[in-house]
Amino acid sequence: MVNVRWAHNTVTTNGVADEVSLSVLSIVGHRVGVVTRTRFPADRLELIVRESEAACAHRPAAPDYMPLLEDEGVPADWDAPAATAEVDAFDAFAPKVERLLKQARAGGVRTFGYAEACASTVWLATSSGLRRRHADAIGRVSVTAKTPDLARSSWAGQSTGDFSDVDPAHLLDRLEQRLAWGARYTALQAGHYEVILEPSCTADLAVAAQAFMVRRDADEGRSPFSAPHGGTCIGERLFGRISIASDPEEPGIATAPFQVCGTSDEAVSVFDNGMPVLRTEWVHEGTLRSLVTPRYWAHKTGQGVPVPGAGNLIVAGDGPTLERMIADTGRALLVTSLWYIRTVDPQTALVTGLTRDGVFLVEDGQVRGAVNNFRWNMSPVTAFAQAIEIGRSQLALPRVHDDFPRAKAPPLRIERFHMSSVSEAS
Amino acid sequence: MTHTVIDPAFLSLPFEPIAEAVLDRVRRSGATYADFRFERLRRQTIVARDHELQTSDHEESVGFSVRVVCDGAWGFSAGVDLTPAGAAHVAMRAVDVARRLAPLTTEPVVLADEPAYVDTFISAYEIDPFSVPDEEKIAFLLGLNERVLLSGLVDHATSDVQLVSEQKFFASLAGSRIIQQRVRVRGDLTAVRIDKSTGAFETMGIAVPPAGRGWEYFASRDEFLRRANEMPALLEEKLASPSVEPGRYDLVIDPTNLWLTIHESIGHPTELDRVLGYEANYAGTSFATLDKLRTLQFGSPLMNVTGDRQVAHGLATVGYDDEGVAAQTWDIVRDGVLVGYQLDRQMARKLGFGRSNGCAFADAPEHVPLQRMPNVSLLPSPHDVTLDDLIGSVDDGLYIVGDKSWSIDMQRYNFQFTGQRFFRIRRGRLAGQVKDVAYQSRTTDFWNALAMVGGASTYVLGGAFNCGKGQPGQIAPVTHGCPAALFRQISVLNTAQEGH
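Chains as they are written, first to last, in the numbering used here: chain X, 1 to 426; chain H, 1 to 500.
For the record, the hints were derived by calculation from the structure and aren't laboratory data.
Do not rely on the hints blindly, as some may be mistaken.
Covered stretches of chain H, as calculated for chain X (at least 3 residues, CB under 8 Å) [unchecked claim]: (1) 53-67; (2) 77-87; (3) 96-106; (4) 314-323; (5) 381-389; (6) 409-417.
Below, simulated SDA-like cross-link-like pairs (lysine to any residue); rule was C-alpha separation at most 20 Å, straight line [stated by the list, open to error]: (7) H:Lys-292 - X:Ala-151; (8) H:Lys-292 - X:Leu-150; (9) H:Lys-196 - X:Leu-150; (10) H:Lys-196 - X:His-229.
To give an idea of the chain X side of the interface with chain H (calculated C-beta under 7 Å), a few residues [to be verified]: (11) Val-11; (12) Thr-12; (13) Phe-40; (14) Arg-59; (15) Ser-120; (16) Trp-123; (17) Thr-126; (18) Ser-127; (19) Ser-128; (20) Leu-130; (21) His-134; (22) Ile-138; (23) Arg-140; (24) Thr-186; (25) Thr-263; (26) Thr-348.
No residue lacks a Cβ here, since even glycine has one placed at the ideal position from N, Cα and C.
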């Protein structure tokens, strides 16, 4: 990984880091032992394997035991070297950051930001003959711009493959437009508001909703997707008109087409390593279609088919652009990014969070100015069910779930978004 | 018996020759400052779900990093190749990074002075958790689950332990050579009760804090077993309890809940890097700006808060921070007034604080040290104020136990917290549980509503393993000691109503 971070238009921290790890999973009978090491020279490999075998001893059988997946053949790129992000990766984005900083200084705007380029390769091999390799490269850039008195703030972020699609001037123009909107300020009270969520916000809510989509939890009656008298809510229309899918081949946000994990939990199983990940419809036109289901749970319950988790999320939308939605607005709040989302009640999927770095009052098709930030309490399921307009889906960087950079989402118009109290943060 | 020996497996690693090679290389390259950090980090997570072992893994990472100042700019590089050639590559890469980014740096990096040290530090623990057989750990967790499941009042139980052992070697151009070994553990148990007739369910956590201790924390088991024994009946009562009426209440907050409020509303806003805007794009900034130092009435005069990296069994306790600064203890809030911040060497110099108070930390060898939170603790009353005294001082209120959901805004004004258990207080006595409670406030309003502080008998070291900050993201372990305390007229929400 190569990264650079800045504040007040000057670089603060930065770095280049190499990371490697080897996870060895040994299966003895139905017991499994896992060891992960970052130091594994050839003369230690035998020792690491023996450690993983020893870890199987004196423990109960793994509840998720399933026969390993089998396959034949070796990927053509199996012997290719690992993808790396070396110091030269700075060449791709340092000049762009420099231009952004110069433009910001010239414009009297203070910027605070971060850019990184990551390259990674995973190899998966099993004693049953399965071989998989996936190389990945992803970058991201995010910038917060503030007026010199720090009273007004705006944020923008995007994921990228190689930074060729990052336009610093465009990014800063967008931020400056929002700072300019904030020259007029209106204080608003807490309450229910019609809101327009920018795509980053929609993506954050989709990630929050997807975190509840675990079949085992639903079957056990401990999930918002548990049916009241047993079973799950699959097949129920809970999300209004929203559609949420995952697809490892989605352009711009492609991800590994097979499952790989080092430990098991209620959503993943080490015994499913190598399982193909295909396009999955989680929610289709408002109806819950799928919940994450490891093979063992599908087998144990005899219901459904295995559904591996997702490396990306796509909230569908072929409606109007954000600008068109603003122009079509009578009165609403434009929310540009969310922050600090946490689960409050798993029964109802109620989460709390805040607006951050830019909430604007839109009236009669015009942005009238900035308003204060809010704390909100809202289930993402309820929010999606109240979507009365779905805009055009696009690449979106979730701000809260920054470990989930691969998303596409549209702007959404939500009829009644519950702003629980005022936040004076600016 | 407290450990007094550094793990020989760490001492056998070639950190000293690598350090000397790296530092010599960067010195000859013109670095005006350089430090070298070599780490071995072992982690184990074991999870038991109901009657089964869900997962158990062992992870060991070994790596090193170099941080330099060249041409007035930082350069950081980390690697895993423990050969002389690998070390030289990482060293020169750090210099290369600094020189490439120097044109983007408008404020040359200068650090506050700190003596050089040659020393060894070992945290206070008795039993290395990695010396304990896995079967003992697994039996402990399955035993906890069985204990609550056998009650017949719990439908599901999940327990887990996280065990960490950390060794660091720090060397600097200035001559420091420091070896440190720290151990920390956390354990948890969550029970779920489902009303089959309605589908309603409730959860409850055990509310035992993590600690800078070894396996002895679990080996005695008394605290875990006592709390596990209490949980089923408490959970059944919670599921059947009335939903809270929203409004303003006097709150007696147990230290098992209050530590997290301290963390979010005192710990983070007094991080000087936030105050200066370094986290504006990610973790956020702070309302406790420099102009408010020594003038802001952060809380009532009963409020005294210290920062430290020295308390025994603290999760942020060290001998030296990751810039080679010796551990210290200092005031952050005195008699309710903001009087201190958390510093690293660059900020201490820039703002004229003189010396850093030692708050630099990196969570892994591949990460750059940032200003991270020390142990931040609310001091108990010097008087013998008991929990009964606090509850007895409330006519109509709530007693809140255990942490659960937390959220706070980007400048640390507006927060909302829930908990594990909420007991009504009527006329000075506990009067059964209520549910669906969240308390919401503005930081300085909340702390100025502090009306009574419990004494030493109510004091507990709480904390977390996973305080998040920075880009790329890092986590940090941190302790917050606090007594139980009484806050007057705090806004309480009904979360069920909020959801509709």
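Structure-based check of each hint:
no. : hint                  : verdict
1   : 53-67                 : holds (count 12)
2   : 77-87                 : holds (count 6)
3   : 96-106                : holds (count 8)
4   : 314-323               : violated (count 0)
5   : 381-389               : violated (count 0)
6   : 409-417               : holds (count 7)
7   : H:Lys-292 - X:Ala-151 : holds, 17 Å
8   : H:Lys-292 - X:Leu-150 : holds, 16 Å
9   : H:Lys-196 - X:Leu-150 : violated, 53 Å
10  : H:Lys-196 - X:His-229 : holds, 7 Å
11  : Val-11                : holds, 5 Å
12  : Thr-12                : holds, 6 Å
13  : Phe-40                : violated, 10 Å
14  : Arg-59                : holds, 6 Å
15  : Ser-120               : violated, 13 Å
16  : Trp-123               : violated, 17 Å
17  : Thr-126               : violated, 17 Å
18  : Ser-127               : violated, 19 Å
19  : Ser-128               : violated, 21 Å
20  : Leu-130               : violated, 21 Å
21  : His-134               : violated, 21 Å
22  : Ile-138               : violated, 13 Å
23  : Arg-140               : violated, 9 Å
24  : Thr-186               : violated, 18 Å
25  : Thr-263               : holds, 4 Å
26  : Thr-348               : holds, 4 Å
Hint compliance for this structure: hints 4, 5, 9, 13, 15, 16, 17, 18, 19, 20, 21, 22, 23 and 24 are not met, and every other hint is.
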